[in-house]
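Please model the entire structure based on the sequences and the hints provided.
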Amino acid sequence: MSDKSSADILNRRKFLGAVGLAGAGAALGAKPAMAEGVKPDPLITEIQDWNRYLGDGVDKKPYGVPSKFEKNVIRRDVSWLTASPESSVNFTPLHELDGIITPSGLCFERHHSGVADINPAEHRLMINGLVDKPLVFTMDDIKRMPRMNKVYFLECAANSGMEWRGAQLNGCQFTHGMVHNVMYTGVSLKTLLDEAGLKPNAKWLMLEGADAAAMNRSLPIEKALNDCMLAFAMNGEALRPEQGYPLRAVIPGWEGNLWVKWIRRIEVGDQPWQTREETSKYTDLLADGRSRKHTFVMDAKSVVTNPSPQAPLKHKGRNVLSGLAWSGRGTVKRVDVSMDGGRNWQTARIDGPVFDKSLVRFYVDFDWNGQELMIQSRAMDSTGYVQPTKDELRKVRGVNSIYHNNGIQTWLVRSGGETENVEIG
Amino acid sequence: MSRSVKLAAVALLCGVALAVANSRIEAQQIAAQAAAKTSSKLGLGRPALPDEIKAWDTAVRPDGKGLPPGKGTVKQGDVLFQAQCASCHGEFGEGAGRWPVLAGGAGTLKADRPDKTIGSFWPDLSTAFDYIKRAMPYGNARSLSDDDVYALTAYLLSMNDIVKDENFELNDRNFTSIKMPNAAAFYDDDRETAEKQFWKKDPCMKDCRSAPKVTGRAISVDVTPDSKSGPKVD
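Order-wise, the sequence lines are chains A and B. The letter at position 127 of the first sequence is residue 127 when you use the working numbering, and the numbering goes up by one with no holes. The letter at position 209 of the second sequence is residue 1209 when you use the working numbering, and the numbering goes up by one with no holes.
Derived by calculation from the structure, the hints in this document are not laboratory data. Just so it is clear, CB atoms sit at the ideal spot from N, CA and C, and this is done for glycine as well. Wrong hints could be hidden among the right ones.
Claimed, not checked - Restraint ranges, calculated between C-beta atoms of paired labels, are given here:
#, chain 1, residue 1, chain 2, residue 2, range
1, B, Lys1041, A, Gly99, 36 to 44 Å
2, B, Asn1171, A, Asp98, 57 to 65 Å
3, B, Lys1110, A, Pro241, 36 to 44 Å
4, A, Asn369, B, Asp1207, 48 to 56 Å
5, A, Gly105, B, Lys1054, 34 to 42 Å
What follows is the structure, given as structure tokens:
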């Protein structure tokens, strides 16, 4: 590491000052410097095809797709992670995205028995158990209820789970890409439960999917009545099949497994069901051999998406550091960034909307002279929680808890701009 | 509503009463809006029929709620398991390839590489019944009878040495008497107390640590896609 402190690197004023001087110098002797050895750009001096011939008409793509030049912007999977692609996961290409909304087609997928293929006209939602009147709803019924629109992140409990023992996968798509953030349209879970009428001893719900895994999870009634939804739309259109079309649970701030897709049944009970997904899975084994269960909330977390291993630095001089931060406990209040492995920190600039339990986008505009960097980000949320280091987490939890790894990520930027996933000590 | 209309009509006839009538209309409208808000029922959906609830509600709880009538022995379960389950889970639940291991691993939970199986880890037997009935066999879910599920659950108990007798019969009456070895080792999320040090007022900003050294590199592990081996995530 260079001796230059992170505060210096990040000092935008100083940098702008330097640019100002260089700019003034260039202006004085600009002409000869420009002329020497620089040929006119044929992309400018020659007429290009797209500047001469007709492009596609409006009748060509009734449903548009990204430019062919964006073909690298795709979900990716890691085949060795699981025994079967139908009970597996893929990853959102975080390093290719900006802002806070994840395009629907790039939202990571996690299925336990593949993507259920359901005609919405044939979908039913049942509410039974400790209710005054067990009910069956059609999608038409649900679309006649008062609606709400909310932006929330959904993070898999296992996001970064492969990194508990050390740096494993080289890219934020793989280390942090089990997260997405979209706008949901749907109805509040409370509206639905009110239709059936809760009995006084109703304490827990069980949410169950219509897929071949019939995924089921227990949900405390306080959370259900607070801010949960059943959504039928994401980012303005119907849910994608892989995201639960025609109906999914939205459980803000809580681990993704609870967001039951293709939801077909809600049972009301007085205690949790201790289903497979809250006993065998989604329990956190600690070093003493005991396990935490019902670790619902996703703690404050962040990651620098650019630069990152799949998006190395390409230029010296001016650069944009970009990243994402989120917290299941509330809003992101602040994100700090370090360029020297956590020795010194500077507060990043959050730009764009800051919603409750949603991703936020942060930036640091910085000058890079080719020195080695150890880049980290550290999120703070509205409850005062500060994202811990991985070592701090391991001290409490050991290395076998699989889920809920929100430790600070380090990227090593080498002098050529190549960027690596590293652990530091 | 109709009363408001009437009042409006009266108001039109009697110009002098107009102001008074208007304020009464407003009051009525406010009352009507409030009534609409407090009425919790939208009147949507229809009653679920008993047969419909029976068809979908197969959930089983640790206290036995939801267990259907039925029975099955370890021996019967063995036959079923070899036919329906062993191709993925192995003859003795040891797991073929990367498919889940169902048996063994007792006493490994504090080990560096714990072996979390039904016997070594699962707190409740009901979970096995519920899960097999709703989701197994993988790719042909909901194809087993209740007696099949009892028999398979009995065989899993036997493979995990929780029952020793191959003639043991598991049924809806003795089900909740079975205690799982790791049942007591789970506790509710305690992060807000056990990890309260992560809530900090002013995290360090300057000279927070000594010069960091790289201690691990993903490129040394080399398991980013196309590699064949690596850590496992559930």
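Review point. Tell me, which hint numbers fail for this structure?
Key: Of the numbered hints, just 4 does not hold.
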